[in-house]
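K.L.:
Okay, here's what each chain looks like letter by letter:
2 protein chains.
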Amino acid sequence: MMDVPLTTRTLIDRCLHLHPERPVTSLLIAGKNEAGQPVPGTHRSTLGEAAARAGQLAGALKDAGVAQGDRVATLAVNSSSHLEAYLGVSSMGAVIHTLNIRLPVEQLVWIINDAQDRVLLLDPMFLPMLPAFQANCPSIERYVVFGRDGAAPEGTQAYEAFIAGQPATFDWPDLDERSGAMLCYTSGTTGNPKGVLYTHRSLMLHALAGGHKSAFDIGEEDTVLPIVPMFHANAWGTVHCAALYGAGLVFTGVFNDGPTVARMLEQEKVTMCAGVVTVMLALLAELDRAGEAGQPYDLSHLNLIGCGGTAVPEALIRALHFRHGLRMMQAWGMTETSPLATTSNAPVGVDPASDEGFTHRSKQGRVMPFTEVDLIDDEGADVPHDGQTMGRLLVRGPWVTGEYYRRGVTGDFVTRRGKRWLDTGDIATLSPGGEVWVQDRAKDLVKSGGEWISSAEIENALMAHPHVAAAVVVAVPHEKWTERPLALVIPRGEAPKPEDLRAHLQGRVAKWWIPDDFVMVESLPIGATGKFLKREIRDQYRNHAWPAAGAGTG
Amino acid sequence: MMDVPLTTRTLIDRCLHLHPERPVTSLLIAGKNEAGQPVPGTHRSTLGEAAARAGQLAGALKDAGVAQGDRVATLAVNSSSHLEAYLGVSSMGAVIHTLNIRLPVEQLVWIINDAQDRVLLLDPMFLPMLPAFQANCPSIERYVVFGRDGAAPEGTQAYEAFIAGQPATFDWPDLDERSGAMLCYTSGTTGNPKGVLYTHRSLMLHALAGGHKSAFDIGEEDTVLPIVPMFHANAWGTVHCAALYGAGLVFTGVFNDGPTVARMLEQEKVTMCAGVVTVMLALLAELDRAGEAGQPYDLSHLNLIGCGGTAVPEALIRALHFRHGLRMMQAWGMTETSPLATTSNAPVGVDPASDEGFTHRSKQGRVMPFTEVDLIDDEGADVPHDGQTMGRLLVRGPWVTGEYYRRGVTGDFVTRRGKRWLDTGDIATLSPGGEVWVQDRAKDLVKSGGEWISSAEIENALMAHPHVAAAVVVAVPHEKWTERPLALVIPRGEAPKPEDLRAHLQGRVAKWWIPDDFVMVESLPIGATGKFLKREIRDQYRNHAWPAAGAGTG
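Chains A and B are the protein sequences, given in the same order. Counting in the numbering used here, the final residue of the first sequence is number 554, and the numbers go up one at a time with none missing. Counting in the numbering used here, the final residue of the second sequence is number 554, and the numbers go up one at a time with none missing.
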């Protein structure tokens with residue numbers, strides 16, 4: 001067979017020649033309202049224009065001395081400009097390094113210095129961080145500011161001026177499919193962030209598999225709205241899938257609130273969107289509100305909502321199905337897995353809208369092609385795939401990283417029977433039919449009386465209560481049992497009483513798993529990737545005074 | 001990223017663990033009726049059983065001395081046994097060589113000797129050829145006869161006895177994804193047949209891409225009936241797709257007549273089937289017959305009919321749509337391209353059931369991911385992609401062969417700008433939007449007065465006539481114009497008159513393309529891969545007496 005490498009160059013060709021007219025719609029910041037809040041303006045482009053401008057960007061970067069393997073960083077929300085960087089930087093042989101805009105500037109500085117980025121493409125809203133970068137990031141030779149208005153402060157260049165005059169037809173080089181194409185750092189709740197270098201091969205295999213109907217089901221007839229940020233694990237591959245198969249794209253930029261997302265889903269006839277649980281809870285709240293107000297959104301085009309990042313509550317999947325006729329599919333993965341490792345569909349023969357179907361769909365699902373999972377205990381011994389026994393979840397596959405950037409093979413990897421696996425840090429069960437059920441992050445498990453309690457499973461059960469909008473369960477030190485679970489609950493409507501929640505959990509989780517206390521809160525801290533910050537919550541409640549009634553196991 | 005190779009081993013794992021219960025239904029020969037015709041019997045198995053028995057087969061082959069890279073040939077129709085060979089032979093590192101059962105025994109002997117096959121797995125019906133193989137094919141050390149009854153003549157072994165006692169859990173080796181996995185010889189209308197060696201990488205990339213909804217749209221919820229033989233370009237990849245994604249499979253064995261296929265489509269609730277034009281014309285005739293008899297088949301589960309091998313008549317696509325509510329998608333490719341190179345879907349925004357939609361769908365469509373096409377003239381110069389100018393169609397991609405087995409880089413390949421392309425032997429146009437329109441095989445073009453006439457386009461137009469069941473147009477020598485087109489027509493119902501057909505073609509093809517004569521025939525010869533044998537027809541009519549009225553260009 002011909003030795004044709006799998007590279008992102010194919011995206012350029014397909015966008016330019018097969019799907020040039022497919023729309024790319026971006027919400028940009030058009031100005032500010034009286035309250036000083038950004039006001040959206042719609043920018044319309046196409047896949048063909050994005051690919052042509054990607055060629056211009058590649059020409060400008062080459063003229064600026066960017067060579068194969070060099071890192072070009074982005075600090076940007078989702079937009080057509082970010083898409084141009086996705087297509088152009090990797091296809092010219094450089095590495096696009098997507099910085100997480102939600103990180104504090106000190107961490108960004110650390111990451112930029114670790115990655116030795118040579119160019120930074122950034123949205124204007126992040127210009128306040130410029131002095132910190134200029135003072136602390138000597139590797140960056142050039143700052144290029146996205147934005148159609150051409151503004152660029154001292155020491156920076158406007159993106160439009162940077163690419164102006166370059167031909168759209170860049171002389172794309174032949175690349176090794178195993179060379180680096182993208183770089184993303186994990187948010188690193190412990191220790192310093194770690195970089196994951198995606199190769200052309202891994203990205204393109206992920207896109208091939210991700211477009212299948214068992215995964216994100218993306219084709220030319222689709223319009224995709226990745227609410228998940230393009231700086232977060234490649235927007236879960238949705239952008240590459242869209243460019244490969246010719247789907248339209250909708251980018252909401254900074255406007256990711258429930259009402260704006262709902263409006264764009266309706267207005268742009270979006271067929272597929274993807275985002276983390278917290279974003280989808282906000283979307284559900286807006287759909288509920290509109291429905292109750294007698295002005296429901298028309299989302300009849302929306303075939304699939306991809307959701308992940310943390311375990312997806314069954315109640316959320318059910319609510320979207322029964323209240324709004326929408327299909328949510330859970331996917332599991334991590335920055336290290338590109339990220340799609342499993343997708344969760346009811347097995348054939350099981351009605352997806354039956355109780356059994358929802359039970360399946362609330363688990364993390366079955367592996368993608370060429371991906372394998374396994375379980376070990378803390379001593380590295382095999383754990384049975386019986387759907388019952390918890391173990392540390394291992395994963396391997398052609399789009400799973402085998403090392404960290406510049407750090408090599410760290411303690412996050414284990415070698416078993418001659419093969420390297422990534423230890424995900426998740427605790428899971430694995431059914432004989434290959435269904436992964438993540439019980440918890442290893443560090444979030446509650447260790448009570450020598451046994452493990454899955455905080456995720458309790459949270460899932462709590463969120464099935466009609467008056468629970470969100471719930472987080474954390475371990476709190478306990479004199480007798482070492483740790484016991486504490487539930488923090490954001491109420492939906494009238495606040496539920498602890499005894500109601502206790503009764504609700506009876507039969508849904510093991511009796512001794514029922515939290516010893518339930519605290520109503522107005523909000524909970526959310527981290528840089530949209531997940532609840534369990535470590536912070538645990539720290540905040542570590543001296544929680546247990547109710548007098550005595551702990552849990554009764 | 002981890003260096004995880006793409007090998008067929010993944011099919012074994014997924015069939016065993018993720019999709020073990022998915023059904024595999026085979027029509028076997030249960031006996032003969034009074035007329036001596038074979039009578040079908042239904043054999044039911046599963047993907048899990050097939051994968052387990054593939055492990056047994058691998059064990060038996062290993063014990064028989066088959067090593068990595070050795071060729072294990074099959075001479076068999078579609079069945080669960082053939083599936084076991086697909087899964088087991090390649091995953092153990094050997095090469096499964098699928099012999100075309102329709103070839104004369106002399107050609108099979110030549111091919112076996114060229115491939116140096118060590119084992120031959122064959123259906124009992126081909127035992128009459130055994131003496132010829134035994135006398136002329138010294139490389140074959142072992143003949144293994146498929147069949148549940150355990151019969152095996154002198155010098156052969158029964159398949160069931162061969163694999164009996166072997167464990168289902170073969171110790172599958174780690175393989176290089178670029179090593180050979182399957183071998184298929186082209187039918188070779190000129191010269192000796194040429195072998196195409198598929199690698200694990202090419203087969204698995206083809207399966208990943210082939211399952212997408214822009215191609216064969218195969219997932220766990222599907223049941224696939226490959227009417228296309230498993231010896232013909234890997235059954236177009238449908239079998240690998242099904243094993244990868246967990247679709248059920250239906251094999252009709254020798255029973256590929258319209259009524260049996262239609263009955264199995266209905267009975268097994270098939271969602272996707274695939275076959276060549278001649279087979280689909282027979283299926284259409286049966287659906288028409290049943291409908292007219294007031295006993296239509298219930299094919300409400302059938303979402304997609306894949307068709308290819310030769311240009312698909314627009315009239316066939318329309319008839320299936322309008323008369324039976326069925327969607328036919330044309331795909332183009334060859335043995336050398338695994339075979340999917342293009343798939344033909346109406347571009348987004350065009351109603352597939354509109355005149356414009358059918359026009360698009362009657363062309364060969366747009367390239368699969370990572371596949372490229374181009375056009376050159378006879379001197380190797382660029383031909384514009386204007387949708388008008390004909391040129392020789394070139395193709396390249398990761399599942400396009402770059403050489404022939406044991407023959408290397410023959411004259412079928414051209415190097416342009418440092419890259420190797422396969423010259424397909426097809427004459428085509430290429431639209432600016434990337435749509436391939438095959439006009440003819442280069443050798444089937446009619447050269448009239450220094451210009452090219454596309455026989456395929458005339459055939460397509462003829463078959464839109466209500467009283468034409470099939471049409472073949474060939475070049476016949478002509479004193480003045482060098483060659484002129486002659487049409488051979490199989491009538492549907494009342495035979496049309498030449499002047500009716502001439503009138504019908506007015507406006508549908510260029511005036512000077514209209515054949516100079518129309519001959520009604522009862523049948524036309526069909527070759528080993530189900531295509532009309534144009535060379536034979538041309539030879540038969542090369543002395544055709546033109547009607548007195550004088551030739552064509554008037």
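No lab work stands behind these hints, which were simulated from the structure alone. One thing to keep in mind: the hints can contain errors.
Stated by the list, open to error - Under the rule of at most 25 Å between Cα atoms (straight-line distance), these lysine to any residue pairs were calculated in the SDA-like manner:
| id | chain 1 | residue 1 | chain 2 | residue 2 |
| --- | --- | --- | --- | --- |
| 1 | B | K419 | A | V350 |
| 2 | A | K269 | B | S179 |
| 3 | A | K419 | B | S179 |
| 4 | B | K269 | A | D171 |
| 5 | B | K419 | A | D176 |
| 6 | A | K269 | B | K419 |
K.L.:
Does each hint fit the structure? Answer for all of them.
P.N.:
Taking the hints in turn, this is what the structure says about them:
Using a Cα cut-off of 25 Å, the hinted pair K419(B) and V350(A) is violated, with the two alpha carbons roughly 49 Å apart. For a cut-off of 25 Å, the pair hint linking K269(A) to S179(B) is broken: about 45 Å separates their Cα positions. A threshold of 25 Å between alpha carbons decides the hint, and for K419(A) with S179(B) the separation of about 20 Å falls inside it, so the pair holds. A hinted pair counts as satisfied when its Cα atoms are at most 25 Å apart, and K269(B) with D171(A) does not qualify at roughly 50 Å.
As the CA atoms of K419(B) and D176(A) are separated by approximately 15 Å, the hinted pair is consistent with the 25 Å bound. A distance of roughly 41 Å separates the Cα atoms of K269(A) and K419(B); the hinted pair therefore is violated under the 25 Å criterion.
Hint check: violations occur at hints 1, 2, 4, 6; the rest are consistent with the structure.
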